[in-house]
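Novice: Chain B: place on chain A using the hints.
Given next are the chains, with one letter for each unit.
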Amino acid sequence: MQSKFSSGTARITRLGRRGCDLMEALGRAGVFLAQSAIGIPSREGWRLWLQQMHFVGVLSLAIVLVSGLFIGMVLALQGYTILVDFGAEQALGQMVALSLLRELAPVVAALLFAGRAGSALTAEIGLMKATEQLTSMEMIGVDPLRRVVAPRLWAGFVALPILTVGFSVVGIWGGYLVGVEWLGVFEGSYWSNMQASVDFINDVGNGMIKSLVFAVVVTWIAVFQGYDLVPTSEGISRATTRTVVYSSLAVLGLDFVLTAVMFGGL
Amino acid sequence: MRRSKTMEFGVGLFMIAGILGVVFLGLRVSGLTLSAPSQSFQLEANFANIGGLKPRARVTMAGVTVGRVETIELDTEWYDARVVLRLNSELEGQLSRDSTASILTAGLLGEQYIGLSVGGDPEMLAAGDTIRDTQSALVLEELIQQFVSNMASN
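From first to last, the protein sequence lines stand for chains A and B.
The letter at position 180 of the first sequence is residue 180 when you use UniProt numbering, and the numbering goes up by one with no holes.
The letter at position 9 of the second sequence is residue 9 when you use UniProt numbering, and the numbering goes up by one with no holes.
Same shape as in the complex, but just chain A:
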């Protein structure tokens, strides 16, 4: 009886500790973002940002563009087979453009970005921490938040919206290839239906806002997981996995909330 009671309290204690740990981690993440994202970059910081843009943005371009092309082509193919039953295959351009701009481009680009760039950021910063490079930087009076973290954060914030635009453009072109060149939808109605239904502020603009939010969330999670991990080889592998899992869940969850606010008439 006595042991049962104590194991019960132990369980409650563990639960409470876990809650406190979660709150602490959230607090650390918030302070971390505020400390590293604020501050004017120096000349040196500018160069570091450029380096990270190259790694995070330019080198992710290939996978994002190829995915965009195939997703646009598949959308056109699937949409055509459904729309042709209603004799509405002229609306193909509208369907491809709206689904890409509002939904697929921001979400899929963010998921790819989390897998391609986010996991690499976590592993890189994690290894810096494990090999005590971050501590050494502090020893010689260099702030690792500004030297290591800030350029990576800002590169992510800028790179993902650009990648999303590329995804949309290539996807719409892929839809054009399949719909117009292959399946024979009239070219004029592909573009004119698209132009009649797509609104720059409501569709393109809201897609961009989505992708900006995803950029902040994904980069933040990736960099924070790297900065906050247990500095062992196991810790690095766990943190890399967590980055991909957390950022995918965050992107999909936030996407629902943002869609409800933007298009759900809330």
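Fair warning: there could be bad hints in the mix.
To be verified - Partial chain A-side listing against chain B, Cβ under 8 Å, derived:
hint: 1; residue: L15
hint: 2; residue: Q51
hint: 3; residue: L61
hint: 4; residue: N193
hint: 5; residue: M194
hint: 6; residue: V198
hint: 7; residue: F200
hint: 8; residue: V230
Read the hints as simulated data drawn from the structure, not as lab findings.
Yeah, the Cβ is synthetic: ideal placement off N, Cα and C, and Gly gets one too.
Specialist: Using the frame of chain A, we list chain B on its own:
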């Protein structure tokens, strides 16, 4: 140093590609035109029933798009729908006072839009005027109801 220059060049290209992409999405995909918004004027029209007409729907004349629907609201004085149309300024002072606005449907199940046709009155509509002669949307259920009641009375 050499490597850093090509890297900078690559990042520059990447940013330019992003800007060009936004321009493409604006001009080609969403059909933005660079004309000033002042080149248009408003007309109002009251309809007994607008069916499925939505803001931003097309306004056409002889099938040519000449403007779009700006707002739709309930007129609490007459309990009908007041629709504000924004038309190209070329038509300002060109539409006669007895012009007709009717709500048409593209295809059987397509979107609804407004078709304008001119009358013969020598006086013209000015900006902000109301089109008196309107034709409501065709509501399929009402047609069917009419058809069924005609059948019953026969």
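Novice: Go through the hint on V230(A) and say holds or violated, using the shortest Cβ distance to chain B against 8 Å.
Specialist: Nearest chain B Cβ about 33 Å off; hint violated.
Novice: Does F200(A) pass the interface hint, meaning its C-beta sits closer than 8 Å to a C-beta of chain B?
Specialist: With a minimum Cβ separation of about 4 Å from chain B (threshold 8 Å), the hint on F200(A) holds.
Novice: Closer than 8 Å between Cβ atoms is the bar; does N193(A) clear it against chain B? Give me holds or violated.
Specialist: violated (10 Å)
Novice: Regarding the hint that L61(A) lies at the interface with chain B, is the smallest CB-CB distance below 8 Å?
Specialist: holds (7 Å)
Novice: Hold the hint about V198(A) up to the distance rule: shortest CB distance to chain B must be less than 8 Å.
Specialist: holds (4 Å)
Novice: Can you verify the interface hint for M194(A): is its Cβ closer than 8 Å to any Cβ in chain B?
Specialist: holds (6 Å)
Novice: Let's test the interface hint: is any C-beta of chain B closer than 8 Å to that of Q51(A)?
Specialist: holds (7 Å)
Novice: How about L15(A): closest beta carbon in chain B under 8 Å, or not?
Specialist: Where the cut-off is 8 Å and the nearest Cβ of chain B is about 47 Å from L15(A), the hint is violated.
In summary, the numbered hints that this structure violates are 1, 4, 8.
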